[in-house]
Amino acid sequence: MSRPSTAGVPPDNGRPGRVRAAGARAFSTRTAAVLQRQGALVVLIAVCVLGVVRYGSFATPENLLNVLRQNSMLGLVALGMTVVILTGGIDLSVGSLVAVAGVVAAKVSGSGMIASLVAGVGVATALGLTNGVLIAKVRLPPFIVTLAMMIAARGAVLGATAEASLRMNRTGSGITWLGRGVFAGLPVPVLIVACAYAAGWLALRYTRWGRSVYAVGDSQDAARLLGLNVDRVLISTYALSGALAGLAGVVLAARLGAGQPVAGTGWELDAIAAVVVGGTLLTGGLGGVGSTLVGILLLGVIFNLFNLQGTITPWWQWIMRGAFLLGVVVVQSRLQRGFGHGQPR
Amino acid sequence: MTGEPRLRMEGIVKRFAGARALDGVDFELRAGEIHALVGENGAGKSTLVKIMTGAYHRDAGAMWLDAEPVHFDTPADAQAAGIVAVHQEIQLLRYRTVAENIHLGREPRRWGVIDWTRMRRDTELLLSGLGLEIDPDATLGVLSTAQQQMVAIARGLSIGATVLILDEPTSSLAEREVAILYDLMRRLRAGGTALVYISHRFDELYAVCDRVTVLRDGVRVATASLSELDRPDLVCLMLGKSRDALRQGTTAFLTPPDADGRAPAAPLLRAERLQRGQKLRSVSLEVRTGEIVGLAGLLGSGRTETARALSGVDPADTGAVYLRERRLDPRTPDQAIEAGIAFLSEDRKAEGIIPELSVRENLTLAALPTSTRFGIVSRARQVAIVDRFMARLGIKATGPDQKIRELSGGNQQKVLLARLLCTSPALLILDEPTRGIDIGAKAEIQTLIDELAGSGLGVLMISSELEELVEGSSRVVVLRDGRDVASLAHADLSEDAIIHAMAEGSALAPLPPSAA
Amino acid sequence: MMRGRTSLDPTRVALGALILLVLVNAWSTPNFATTSNLWNVLLQVSTVALVAIGMTLVVSTGGIDLSVGSVMAVGGAIGAILIPHGVVVAVAAALAGAVAIGLLNGLLVARMGVQPIVVTLATLIGGRGLAQVLSHDGQLVTIQHPGFELLGRGHLGPFPAPVVIMVLVTAVAMFTLRATAFGRYALASGGNAVAARLAGVPVALTVLTVYAGSAGLAGLAGLIEASRLGASDAAKIGMNMELDAIAATVVGGTALTGGRATIVGTVIGALIMQVIATSLNMLLVSYAWSLALKAAIILVAVYFQRPRLV
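Protein chains in written order, with our numbering: chain A, 177 to 521; chain B, 154 to 669; chain C, 81 to 390.
Simulated from the structure, these hints should not be mistaken for lab results. All the given hints hold, so there is nothing to weed out.
Derived SDA-like pairs: lysine to any residue, alpha-carbon spacing no greater than 25 Å straight-line: (1) K316/C with T337/A; (2) K313/A with H210/B; (3) K316/C with A499/A; (4) K502/B with P282/C; (5) K556/B with L95/C; (6) K203/B with P158/B; (7) K203/B with R386/C; (8) K313/A with L373/C; (9) K316/C with F482/A; (10) K313/A with E509/B; (11) K203/B with G214/B; (12) K556/B with R258/C; (13) K283/A with S366/C; (14) K316/C with R497/A; (15) K502/B with R315/A; (16) K313/A with K203/B; (17) K203/B with V406/A; (18) K283/A with Y367/C; (19) K556/B with R386/C; (20) K556/B with D89/C; (21) K316/C with P490/A; (22) K556/B with R315/A; (23) K203/B with D397/A; (24) K203/B with G403/A; (25) K313/A with T227/B; (26) K316/C with T487/A; (27) K313/A with V93/C.
Covered, in the sense of this in silico footprint (three residues per stretch, anywhere, with C-beta under 8 Å from a C-beta of chain A), are these stretches of chain C: (28) 201-214; (29) 365-376.
Each residue gets a CB set at the ideal place from its N, CA and C atoms; glycine is no exception.
Working from the sequences, and respecting the hints, build out all of it.
And the structure:
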């Protein structure tokens with residue numbers, strides 16, 4: 177059992193394996209999932225239209241690029257989270273891994289950009305791998321394992337830096353370019369994210385590994401009986417999530433010019449929100465990279481509109497974000513239940 | 154080549170926590186045969202199958218496939234060697250398409266990436282080659298259970314299965330679908346595939362299997378050709394009893410008392426034109442005190458919907474329910490329980506047992522409102538109730554505190570029945586009460602139902618096993634397409650009559666139920 | 081029936097670990113075994129324990145409540161704002177506000193079937209914002225009221241008030257879980273909600289109640305914190321409390337999947353975490369190590385709870 181994500185509610189409580197989906201209900205779930213993704217896209221378009229209509233500065237290239245760039249690192253994290261959630265798991269450690277990668281990259285930055293990148297992403301990947309092994313081989317629940325990693329990694333990075341930021345050594349290295357450079361008119365972080373999403377989409381759709389991710393999320397037992405190496409799939413997804421969090425951490429540190437031990441705080445929750453809003457099911461098996469992209473953009477644009485409005489205090493923004501998230505999941509839940517009248521008996 | 158041993162197992166031993174699930178079992182499967190594997194629950198059938206398919210490792214013994222010694226570490230290994238099992242609970246991916254399910258792990262690739270067009274085409278060819286009309290792009294979860302099973306079999310064959318194991322494949326199939334399955338099986342047999350067939354249903358075994366191996370208590374008791382073994386002999390081998398000890402007929406039901414023409418008992422339940430959604434169109438029926446009324450029908454005819462409407466689980470949209478001639482209309486399960494209607498779901502795993510809780514806690518769950526004062530549970534009263542029922546129903550457990558998930562299916566069912574009885578019901582609505590239970594426990598439950606009816610309870614019993622209905626019921630109501638189409642009195646009751654009513658009963662106008 | 085290897089009772093293991101920890105510290109950590117320090121540990125653990133007990137009840141139904149930290153902040157904020165109207169009004173309103181959030185959580189989970197992790201994530205975000213807004217838009221609201229001070233800094237004999245409250249709540253919660261029908265209903269709802277409903281258990285009402293209860297206890301914890309601080313700090317009160325509460329619950333032996341819960345275990349779990357934090361603090365070990373140790377303990381505890389292999 178992966179994590180306590182369900183309630184004591186009959187019958188469609190979303191617990192993996194519990195629902196015998198046959199007949200109308202499964203079909204409706206798929207329809208609803210499609211609708212969810214289109215739904216989020218519709219809302220995104222609506223919000224963008226609102227932005228264009230109400231704020232003159234919304235549709236400017238600077239603002240749009242700004243939105244993209246500000247959300248690019250969270251976008252990387254959300255990409256990794258999507259893959260993990262597709263297998264029916266969850267990764268609460270990504271926020272801490274962002275900080276770890278940033279600090280490690282800063283530490284190694286004297287040796288050049290490549291060294292920083294490799295070190296930062298490498299350490300984060302190793303930690304993600306640890307998560308995966310504990311989950312797949314030792315069979316501990318993902319919620320707990322990644323929670324523990326989150327606590328431990330944060331502790332380690334706070335301890336190692338004595339809670340102070342670690343400056344990046346920028347002389348002669350290309351590291352700043354990673355965070356602040358521009359290539360073909362686009363900020364480098366945005367390019368990185370775009371490539372990552374494209375690669376992710378292709379991998380999930382066109383590789384056997386990608387299909388096995390969906391299979392494991394659908395039903396671990398079935399996947400195993402059908403001959404898949406479930407352990408390997410699980411470990412790879414957590415390692416990937418770590419790697420992407422690491423990449424986000426290095427890029428963030430490059431941008432800030434320092435590795436901050438408090439970086440990434442709360443990013444795991446933001447990433448989960450983006451994935452959920454986008455329409456991927458928390459129980460796994462349905463959804464994808466495209467959905468998360470829409471989710472990230474939607475949340476990013478809303479935040480941008482708040483800023484453009486200027487008069488909304490951070491506190492009210494939080495209230496509105498909470499309410500928005502609630503609204504989205506209620507609608508999604510309605511969609512999932514609206515169809516399907518059970519199977520023939 | 155037909156007749157050659159395809160799979161041979163010798164001296165297989167498997168232990169679990171000290172107990173021997175399999176104690177030196179031999180098994181031989183020939184190419185081009187359908188070989189039945191029978192035995193009560195706990196006899197070792199599923200353990201043997203799991204060793205065949207690599208899901209378990211054997212502790213001792215040897216296995217040969219086509220005369221080559223083999224050892225499987227994982228199901229993947231067994232599949233690679235050509236041994237594929239299709240389980241009772243469909244183990245496929247419900248959100249993925251038929252094509253994806255069939256090709257999982259072996260998706261065709263072009264230049265390193267998955268070739269979706271070729272996958273679809275290959276699937277079309279495979280399915281049509283087997284005579285199956287299933288859309289490769291259909292999401293698996295949309296298909297009926299029968300179709301899903303076909304897909305599972307098709308997948309096995311596309312992997313190149315030479316040994317196909319079918320575990321209780323027909324438990325959720327309608328007759329029409331069973332025929333399709335048999336057809337496929339016979340075709341496979343003709344082509345040289347070796348099939349292992351596990352089932353509790355004798356009709357099926359005799360209809361389609363060639364030989365049978367009987368397991369009992371982890372030991373192989375006999376292997377014989379089914380043409381040389383009649384049913385009572387087979388049952389005796391399974392139970393380890395002699396022929397004289399068997400009751401007449403194949404169930405434990407005694408002749409219902411109503412059959413001798415006593416004065417009809419008081420009316421207990423009356424349902425008039427129950428309707429809910431599309432599945433339940435208009436069902437009217439009656440149950441009297443002391444009566445066992447059977448509810449028959451094909452898959453999808455609305456039997457379970459009727460039961461769930463009467464017990465407040467999925468309440469009816471229109472129609473009326475009368476209990477002892479007073480209008481009731483239960484809208485929630487607790488309303489029904491309070492009124493004296495108790496419901497046993499057909500799926501005890503999903504809707505019956507609370508797996509982590511003990512036997513005691515499961516048993517007393519429904520009676521909590523009456524065994525508490527100001528919300529506080531009376532421990533003494535609970536202990537008394539539990540002891541009484543465990544003794545009366547013969548529930549086998551290490552103690553009332555054992556976790557219910559550790560009990561066998563039959564004992565779990567008894568706990569659930571005890572749970573219902575704790576609420577002092579007047580009417581029992583039982584949905585497939587003996588499904589998936591071994592013969593011994595089945596008989597005990599059937600006897601219990603008899604006794605309960607004899608003591609004045611009314612029983613509405615859904616069963617897909619016609620002999621249970623014929624032997625156990627005073628009357629059988631037959632449903633078709635959500636309507637009641639016939640009510641067969643005991644004198645008119647026979648398996649043929651029920652089948653005829655299921656097939657021919659008019660779907661347009663409901664016939665008035667004949668007086669009992 | 082086949083039985084796999086039997087696992088040790090996680091609560092007993094936790095108790096053993098706690099005793100071991102206390103003994104080791106008494107021996108090796110200077111000033112640990114003093115009465116003032118032990119009272120201090122109990123005092124510090126009391127708010128976590130309260131929240132964790134509420135979390136345990138939610139988890140027993142198979143759910144989770146990530147919003148408890150924010151609800152603490154809301155409770156503290158409401159209390160601080162309304163103190164001028166008297167302690168009773170302030171406390172009552174704060175608890176009512178907390179319970180209202182809990183009812184929102186519970187309604188969405190029980191009636192709409194939305195997953196608890198998402199619902200309570202949303203109330204975590206929104207609740208923190210609400211607490212800030214209530215605190216005159218993000219300010220520290222000082223509280224000066226001798227009556228209210230008693231809540232966090234008062235004493236009943238030698239016992240600090242928060243400790244007394246913790247003990248009372250623990251007793252009530254233990255009793256509820258073990259001896260009342262409600263406790264059975266919660267465990268049944270977590271073990272198999274469908275089966276419970278068919279057996280006549282009021283599942284939706286039970287689930288609604290546990291979320292309301294969890295929020296209520298969080299609100300109470302927030303009031304105690306505010307009373308101890310002498311102020312409501314909407315930015316800080318309850319930060320990461322949900323993680324501590326979940327950790328205590330898990331370490332104590334409650335199953336995250338629901339259907340099996342122990343209140344005593346949760347309190348023991350909270351004590352283990354607190355003893356570690358306190359002793360490492362006294363040994364001047366950095367905060368980082370205490371976090372690492374916390375993580376390790378969580379993993380070990382869950383390891384013992386793994387489902388049996390058959």
